[in-house]
Amino acid sequence: DGGITQSPKYLFRKEGQNVTLSCEQNLNHDAMYWYRQDPGQGLRLIYYSQIVNDFQKGDIAEGYSVSREKKESFPLTVTSAQKNPTAFYLCASSRSGASYEQYFGPGTRLTVT
Amino acid sequence: AQKITQTQPGMFVQEKEAVTLDCTYDTSDPSYGLFWYKQPSSGEMIFLIYQGSYDQQNATEGRYSLNFQKARKSANLVISASQLGDSAMYFCAMRATKAAGNKLTFGGGTRVLVKP
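Chains as they are written, first to last, in this note's numbering: chain A, 4 to 116; chain B, 42 to 157.
Excised from the complex, chain B in its bound form (with noise of 0.2 Å):
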């Protein structure tokens, strides 16, 4: 079984400033891809980021950037240069190879919040 963690339930950034969104999973599979969603208050879900388990590099996306660390099993997303658009929901989702249907396992979320 899958299991995503996001342990922020909320962040605050001031606008222009970084933030990093926490996420750690648990996998038996050698083989999974992560990945990053956005949910705006108007409910709808956008693909930001992904990063397959075998990619040797971060995967980077304009602002957003995934750091990526097998070992510990944590692919934590940096949004850089933060704006007020950036307020919103964000989720982490883990695919294994394996899994039946190529179901996506999601995270809790963390609410962002960006300050001006």
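Next comes chain A alone, as it looks inside the complex (with noise of 0.2 Å):
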């Protein structure tokens, strides 16, 4: 089955510590995001990638780093700098085009103490 798979489903950290997001897809899209979904809220951009090798800023970056370096994996690494990490952070693809819509992961719960 295709589709994209984010791992783990909850992760807790303690503050001061980095910690990647794993996010991989067999759609063989182009196209990549990460969101960030606080409670009650909608969805904020905070990278995104639409070929391997290359990424671009959201609208909420600081604090976070990516790497596409597989067309199928994008990986979200929250440091330290982050100053609010606790979050529903959600991976999603696409293909390349404006009328495509965005695949989801299941999201990761992010607790940082």
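Check before you lean on any hint, since a few could be wrong.
Okay, derived cross-link-like pairs now, DSSO-like style, lysine-lysine, Cα gap no bigger than 30 Å in a straight line [to be verified]:
id, chain 1, residue 1, chain 2, residue 2
1, B, Lys144, A, Lys60
2, A, Lys60, B, Lys114
3, A, Lys73, B, Lys144
4, B, Lys114, B, Lys144
5, A, Lys12, B, Lys144
6, B, Lys139, A, Lys74
Source of the hints: derived by calculation from the structure; they are not laboratory data.
Reconstruct the complex from the two isolated chains, following the hints.
In structure tokens:
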């Protein structure tokens, strides 16, 4: 079955530690995205990538980093510089083109204490 | 810049009745797409329906239809014959054709609770 996987589903970290969230897709999509969702809120774009080895900052990139070494993978690192990292993180992918919907993974709920 | 506004934070609907979720948008790009997603309590985002700005007819997908009024910049979602499984958060989103990276801009969402 084609789809997007994110692991782990729940993640707990101590303040000051970097943590990497995994996102893998087997849909052969060129574009991949990372969103952050806070309770009762909509999604905000962190980073996106339209092609391998290239990525751009979204609306709230500070304190986050990404890489895109393979088409299938787009890991997100939440660094210790992110002031309020506790949130629900969603990864998405899509075909290139404005009319194509984004497919989402199941999300990772990160709690930093 | 694009902006999506969903003014209804929450709604109750009786099972088997229809419900309309409001969405207004703002963009200076003449070419854009509008999307609706459903987010159950489990958290995943489920794509429901798409409307292109140049589409002549309103989009429909099963029990979902989109009431697209371009002049008013609104793209309301209509769910007919509500089911208990429709209880979820619903998000309206827009992608302007000229937006870098084909980015989606999301509204704040509307929570729907279907009553038996």
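Taking the hints in turn, this is what the structure says about them:
Our distance criterion of 30 Å between C-alpha atoms is met by B:Lys144 and A:Lys60, whose separation comes to about 11 Å. For the given pair, A:Lys60 sits about 28 Å from B:Lys114 by alpha-carbon distance, which is consistent with the 30 Å threshold. Of the supplied pair hints, the one linking A:Lys73 and B:Lys144 holds, its CA atoms being roughly 21 Å apart against a limit of 30 Å. About 19 Å separates the Cα atoms of B:Lys114 and B:Lys144, which keeps this hinted pair within 30 Å; it holds.
Our distance criterion of 30 Å between C-alpha atoms is met by A:Lys12 and B:Lys144, whose separation comes to about 25 Å. The suggested pairing of B:Lys139 with A:Lys74 holds, with an alpha-carbon distance near 23 Å, which does not exceed 30 Å.
The structure is consistent with each of the numbered hints, conforming to all of them.
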